[in-house]
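Colleague: Chain by chain, the residues:
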Amino acid sequence: MTRTAVATTRLTKRYGEFEAVRGLDLTVEGGETFGFLGPNGAGKSTTISMLCTLVTPTGGTATVAGHDIVRERDEVRRNIGLVFQDTTLDGYLTAEQNLRLHAGLYGVPKSELGDRLRQVLDMVGLWDRRGSKVNTFSGGMKRRLEIGRGLLHSPRVLFLDEPTVGLDPQTRSSIWAYIRELKQAEDITIFLTTHYMDEAENCDRIAIMDHGRIIALDTPEALKASVGKDRVRIDTDDEKAIALLAERFGLEATASEGAVTFFVEQGEKFVPTLFGEFPLPIRAVNVARPSLDDVFMSYTGKTMRDAEATAGQRSRETIAKLRGMRR
Amino acid sequence: MTAVQTAPVSRIRVPSRSVAGELRAIKIVWQRELIRFFSDRLRILTSLVQPFLFLFVLGTGLSQLTSGGTGGLSLRTFLYPGILAMAVLFTAMASAASIVWDREFGFLREMLVAPVRRSSIVIGKCAGGATVAAFQGVIVIAIAGLVGVPYAPGLVLGVFGIQLLLAFTITAFGVMMSARIKQMQSFMALTQMLILPLYFLSGAVFPASNLPTWLSVLNRIDPLAYAVDPIRRIVFSHLTLAPAVRQRLDAGMTWGSWRVPTLLEVGVVAAIGAVLLAIAIAEFSKTD
Chain A
1 MTRTAVATTR LTKRYGEFEA VRGLDLTVEG GETFGFLGPN GAGKSTTISM
51 LCTLVTPTGG TATVAGHDIV RERDEVRRNI GLVFQDTTLD GYLTAEQNLR
101 LHAGLYGVPK SELGDRLRQV LDMVGLWDRR GSKVNTFSGG MKRRLEIGRG
151 LLHSPRVLFL DEPTVGLDPQ TRSSIWAYIR ELKQAEDITI FLTTHYMDEA
201 ENCDRIAIMD HGRIIALDTP EALKASVGKD RVRIDTDDEK AIALLAERFG
251 LEATASEGAV TFFVEQGEKF VPTLFGEFPL PIRAVNVARP SLDDVFMSYT
301 GKTMRDAEAT AGQRSRETIA KLRGMRR
Chain B
1 MTAVQTAPVS RIRVPSRSVA GELRAIKIVW QRELIRFFSD RLRILTSLVQ
51 PFLFLFVLGT GLSQLTSGGT GGLSLRTFLY PGILAMAVLF TAMASAASIV
101 WDREFGFLRE MLVAPVRRSS IVIGKCAGGA TVAAFQGVIV IAIAGLVGVP
151 YAPGLVLGVF GIQLLLAFTI TAFGVMMSAR IKQMQSFMAL TQMLILPLYF
201 LSGAVFPASN LPTWLSVLNR IDPLAYAVDP IRRIVFSHLT LAPAVRQRLD
251 AGMTWGSWRV PTLLEVGVVA AIGAVLLAIA IAEFSKTD
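Going down the list, the sequences are from chains A and B. Throughout the first sequence, residue numbering follows full-length UniProt numbering, covering 1 to 327 in sequence. Throughout the second sequence, residue numbering follows full-length UniProt numbering, covering 1 to 288 in sequence.
Next comes chain A alone, as it looks inside the complex:
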């Protein structure tokens, strides 16, 4: 078997005029935890749907566990585990019944099922609740059960589409603890999407996606190092400040989320200079080591939240356009 878990070549998906994924080139090695990071509407879910054979690409090719996602759909499905953004459990069945159903659909050998069931339920901490109906579970428990179910048939690649979306911070961190433990227990490749920057730190490598393209791909450390400089945010008179910063200090600043942001080496030392020479009143200042959000910002010139706002705007416009076409 090939050690390459996922490989795509010019993978593309368009819906009418809208190009959701634009020529994606990507290789994920076996055993990696690979993160897809980007705002809502960047094309992450569409990419995952294509890799999981739920959506047919309109261009390019891809293989998962060595199988072509279009020509060998069933082979791909047998090799992957899938945890969707929305829950796909049967709430009227118990946790164990849900898992048994999954085992039946995925052909887990009956002789191994008992042990595997115990192993998986232990791993996600739900063994004691195996006889309870899923309807009685909290959001975090459901999510954990789904992750366990995705693993039940021992897939080579586990796809997690926004595994922690809609969960409270405490549950989010416990889900991540389970995912990390899982990496120890299973010989598995994890491919996940998230729009939480802090979560992406858990990945071996990250691809940052925006507007259907990968704009940066590396380890979280390398990505942060590529920014190199510290981020300084000041609360001041935006437009004049941007011009002044360029003129006096040769800095390229952007305005977002009601503050002016720029990157500078040794930010702490720069602040006194700034206060000494800057003619406008500064109401607040914040200096931070580069985060993944800064990486995103340095590549796109906007924060993730801004990007989500425009993505939302874009999809509303697309919908409006489609409605118009129908009339």
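Don't read these hints as lab results, they were simulated from the structure. These numbers were taken from a predicted model, which means no experiment stands behind them. Quick reminder that beta carbons are idealized off the backbone N, C-alpha and C, glycines included. Each hint should be verified, as a subset may be incorrect.
Unchecked claim - Derived lysine to any residue pairs resembling SDA-like cross-links, with alpha carbons at most 20 Å apart: (1) A:K110 x B:E22; (2) B:K27 x A:S111; (3) A:K133 x B:R43; (4) B:K182 x A:D86; (5) A:K110 x B:Q31; (6) A:K133 x B:E104; (7) B:K27 x A:G114.
Claimed, not checked - These stretches of chain A come out as covered by chain B in the derived footprint (C-beta under 8 Å, 3 or more residues): (8) 80-91; (9) 99-107.
What the hints assert, rightly or not - Quick list of simulated restraints, FRET-style, between CB atoms: (10) A:T9 x B:L23: 36 to 44 Å; (11) A:R130 x B:V49: 32 to 40 Å; (12) B:E104 x A:R213: 27 to 35 Å; (13) B:L23 x A:E257: 56 to 64 Å; (14) B:E104 x A:E257: 31 to 39 Å.
Mind docking chain B on chain A? Use the hints.
Modeller: Relative to the frame of chain A, chain B by itself:
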């Protein structure tokens, strides 16, 4: 938090595709229908309300007007075969509707991404719906004594067989529709619009002979009529009736002046079921 360090690294096992695997998938989807049905006692109860309402309330009330017309036979006994079909009709449709719920609650996706043929899932679903509906049918068979119908083995088995077949066909019809109709509200509206006309036209509540031409034609093209008629034939063959009364109430399905044999009627229901099932499988096998 539970630790997993004790667990050894699991090796990857990728199951291979096989006929046994497909059969297992059919079985598991079928089982799920049964588990869900039997854990929902309210549903078992409510789906029995309508048949009993027709049989005892309508049957008793209307008999004041029709005592002459049934030649001494209780109207409840006359209605009974139609009620046997009705019990199955409603439950099978409700089972098929569950696929629409499955879609709304996301569970359908879990089934559709599984590495099994879509046909296995559709067949499992239809078989499950048929079993559940036939179970309701058995409850109605069980009350035969209350309306003066004897518990003869031939009657029970014959009626049950036809109920099972009818249930399968109706579920296949519902599943086929659910491939296209994705909202529960639309699905409910459509089934409401279809079920009652199908039921009334089938001759379940009146004899299908000596009808005006338009009604007679509609009756002949109603698939349900081909299940109601053989059920009535079996039930009536176990009743002692004056020949004239039998002729009037159980004239049977005719094409022109030709009395359609029971086997052919059953064959019609089976053939329609097979075609609907094939369409349902084709519909569910499509992807975006």
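Colleague: Each hint: holds or not?
Modeller: Hints and how they fare:
1. A:K110 x B:E22: Judged against 20 Å, a Cα distance of about 14 Å means the pair holds.
2. B:K27 x A:S111: Between B:K27 and A:S111 the Cα gap is close to 17 Å, so the pair holds against 20 Å.
3. A:K133 x B:R43: holds (18 Å)
4. B:K182 x A:D86: holds (17 Å)
5. A:K110 x B:Q31: It holds: about 16 Å lies between the C-alpha atoms, which stays within 20 Å.
6. A:K133 x B:E104: OK: A:K133 and B:E104 at ~19 Å, within 20 Å.
7. B:K27 x A:G114: With Cα atoms ~18 Å apart, B:K27 and A:G114 stay inside 20 Å; holds.
8. 80-91: This one holds; 8 residues, not fewer than the three required, reach chain B with a Cβ under 8 Å.
9. 99-107: It holds: at least three residues are needed, and the segment 99-107 of chain A offers 7 whose Cβ sits within less than 8 Å of chain B.
10. A:T9 x B:L23: 36 to 44 Å: Roughly 38 Å apart at Cβ, these two residues keep to the hinted range, so it holds.
11. A:R130 x B:V49: 32 to 40 Å: Distance hint for A:R130, B:V49 holds at roughly 35 Å.
12. B:E104 x A:R213: 27 to 35 Å: For A:R213 against B:E104, whose Cβ atoms are near 34 Å apart, the range 27 to 35 Å holds.
13. B:L23 x A:E257: 56 to 64 Å: holds (58 Å)
14. B:E104 x A:E257: 31 to 39 Å: Since B:E104 and A:E257 have Cβ atoms about 37 Å apart, the given range 31 to 39 Å holds.
Checked against the numbered hints given earlier, this structure breaks none of them.
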